[in-house]
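Please construct the entire structure, taking both the sequences and the accompanying hints into account.
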Amino acid sequence: MAPHDSKRYNPKESEPKWRKAWTDADSFRAVADPNRPKYYVLEMFPYPSGRLHMGHVRNYALGDVIARFKRARGFSVLHPMGWDAFGLPAENAAMERGVDPKAWTYDNIARMRDELKQLGLSIDWSREFATCDVEYYGKQQAWFLDLFAKGLVYRKEGVVNWDPVDQTVLANEQVVDGRGWRSGAVVEKRKLSQWFMRITDYADQLTDDLAALDRWPDKVRVMQENWIGRSKGLKFRFHMAGEAPVSEIEVYTTRPDTLYGASFVGIAPDHPLAAEVAARDPKAAAFVEECRRGAATEAEIETAEKKGYDTGLRVKHPFDPSWELPVWIANFILMDYGTGAIFACPAHDQRDLDFCRKYGLSVRPVILPDGEDPRTFAIGEEAYTGPGILYNSNGLDGLNIESAKRQVIQWMETERRGEGSTVFRLRDWGVSRQRAWGCPIPVVHCEKDGVVAVPKDALPVAHPADIDFSKSGNALDRHPTWKHTTCPKCGGPATRETDTLDTFVDSSWYFARFANPHADEPIDQAAADYWMPVDQYIGGIEHAVLHLLYARFVTKALADDGQLSVREPFAGLFTQGMVTHETYRRQNGEWLEPREVEITVEGNLRRAVLGGTGEPVVIGDSEKMSKSKRNTVAPEEIFDVYGVDAARLFVLSDSPPDRDVQWTSGGVQGAWRFVNRVWDEFDSQPQGETATAEPDAELRRATHKLVKQVTEAIDTFRFNSGIARLYEFLNLLKANPAKGGSPAVLAARREALSAFARLIAPFTPHLAEECWVRIGGQGMVVEAPWPTFDPALTEDAVKILPVQVNGKRRGEISAPAGAEPAEVEKIVLADPDITQRLEGLTVRKIIVVKDRIVNIVAA
RNA sequence: GCCGCCGUAGCUCAGUGGUAGAGCGCAUCCUUGGUAAGGCUGAGGUCGGCAGUUCAAUCCUGCCCGGCGGCACCA
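In terms of this note's numbering, the first sequence opens at residue 681 and continues consecutively.
Please note that a few of the clues may not be correct.
Each computed DSSO-like pair below joins lysine-lysine, with the alpha-carbon atoms no more than 27 Å apart [what the hints assert, rightly or not]:
#, residue 1, residue 2
1, 1151, 869
2, 700, 718
3, 1388, 1530
4, 1307, 782
Just the calculated beta-carbon pair ranges, DEER-fashion [what the hints assert, rightly or not]:
#, residue 1, residue 2, range
5, 716, 1530, 37 to 45 Å
6, 1030, 1074, 46 to 54 Å
7, 857, 1338, 22 to 30 Å
Simulated from the structure, these hints should not be mistaken for laboratory data.
We put the beta carbon where it would ideally sit given N, CA and C, even for glycine.
Here's what the structure looks like:
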């Protein structure tokens, strides 16, 4: 009998020891072995802020569970790590503290690498790179020039989103509710020359291919679909009636069926025709100017009241040249969607109706809802947008909406007045950033030759070493010598492009670079053919229409350029929830850190006071951990007290991975207690004995059931359920202790503990190794195969069947597994408890569901 | 307004057309040489509401209520 003479489990000793053992054994090196199935696990790589937070712990622990699990199941696993290292924080630090952004960034990387390594992740660190490595962004410049040569990259002057705080341009996706996604500043409109990537060329594919991404959350697919915003409709021309500066106006509509309900034609304030009208009509000019001023920001456009100006111009209705429609300039029409001009059908479009009611324009319904009388159906203040039958529409009368659409489009095409057309909400991706700490755009501007690509053999275009960050604005542009160069074409004087690339460009191909991070070409095709696509990608939902859309686009563009074989980068996507914590505020509203607060519990009531003073503290909702609300918990402090495994276990155990997890000190203590109880069970098992008895059948069955459940839970991303099963099983082990256990129990425990050590390895890898050694396992757990189960043993030999009388539970019986209904009926009717219940009743029917339940219908 | 997700013990969440579960918290007791610890036992649930399908609904269907998220003058 093992005396309780050993020490408690000591993570401080154990955890670093095993991390060193894994490193020494090079356990996590990814090897492209053609004889084994591959599995590529990737978490969205971090920005090197220099500090690990709980969100990182959860993100990387989730990926590590998958990586370790797949490795144990015989896959050749790639699980790399890198740094999304360009971006503004480094420049801001340079401006505020006079440090060099490069040095600042690499310092942060060094610090964060140490912290990440402490997590015990099964990462192949030999593939690590940072996007600010010249080696990486030089290759990015190479493929950028390839796309430039193919016309997928271009420069144009246009109205762009300007972030006044970050002093740079933002892409549409990076403007949220009219504010910059990083800075939160209200975005302004500016006219600038900018570099764009032609993502709209791929709008159809980006939409169509979503359907095949069946291991992506529906939510993300819906968000991308909405963002791309494909709509099918008709573009056609209205001919002008009478004197006009133009002969026709082209409009776009998704409702060609409602053409007989048209009230007016509307054009955007910045439509070329509006400018022509304004040139001769001072009132029109004033209106256009008012629209322009009023619409300085995205947020204002959305809330603005509908306003219009009647130009006095008239167009002919395409179906009836004698029917004239007025042409209005309207502030709610967007120049950069469709053709910047519409026809309005107020009866069946709410915006048009609001406008027509305001200006007293006619409203003529042309779609009759089912069951309505055409003589009495009328439009009030609400447009009718539902299904129905055409009326008031001459030759279209009686058709349904779809047939009417088809017929009108066909007529327009035959008459050469218009054509069926697909329009997207998606805009080309603006990639210019007026910042120095980013990937330089590898072109020069020559007075003679214009924009000229830097020759490939002159890449990389690297940053100068001495950038002056003491003033705001683009430090690269201000540098005294860097931008002055010669034209590669004519040899004359030229200046370098001083805009750099959006950091989302950096992150839109890094996953492919990991296949071989030191290849001469941007992407090593042979290596990428083996590893790509990423089988499981893990990250936050906040990138649903940013990073994830850009990465899909770049993958397709590089595939079309012959640099990649896959057309989708991420076969599986998982979006994990956030780590939240309760918030605490003093009476004066000041936020308090969790450690400053003392919580007392009386019954089910929790109270908080400020430590030391006893001042009452308001306990607020659990919210995402943030510096501003001071509700953060530092991972290293948790590691120090409870160990890494307990921290990993807690963030994995308390919620399904796609939901938020609420960090509590009680929760992490619970995880810590589990770690200790697990160790106790292993520690109490006698060492060095061989099994002398047939293993206890019940414990054996429970073990096999556990292996099945945990395996399935990991396969389906229900890690918390898997861990719940492990908790339950530990209770069962406690009920079958080694101390004083029969030879049968000891023998069954042997099998149970061997499986258990391997089952906990993805969650608490260090503890698993320690346990494995304790029971005399071969080598290390990281090298051990995943436990298997015998399906026959996952079922109980004797089933307890609940017995219902008229649907209510009245007792239970035991029956052999698989017992036939007739046999079960006999057992039921022989049971005194049941027969007593049935006294005075006539049994009408007995329903036996094999191995599950019996229901007696009686009256 | 449209689309989606969620609602199960005090809290955070599993779960299933057929016996309602885990962790934490709470209560009682034991241990006081694992001790800023360990253990035993227990209480606590109209499974958001109403209706329907069914022998049987927490689970399926419909409607409603509440919470969260995304989209939203996109013609």
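To see whether the hints hold, each was checked on the structure:
{"no.": "1", "hint": "1151 to 869", "result": "23 Å, holds"}
{"no.": "2", "hint": "700 to 718", "result": "26 Å, holds"}
{"no.": "3", "hint": "1388 to 1530", "result": "22 Å, holds"}
{"no.": "4", "hint": "1307 to 782", "result": "25 Å, holds"}
{"no.": "5", "hint": "716 to 1530: 37 to 45 Å", "result": "41 Å, holds"}
{"no.": "6", "hint": "1030 to 1074: 46 to 54 Å", "result": "25 Å, violated"}
{"no.": "7", "hint": "857 to 1338: 22 to 30 Å", "result": "24 Å, holds"}
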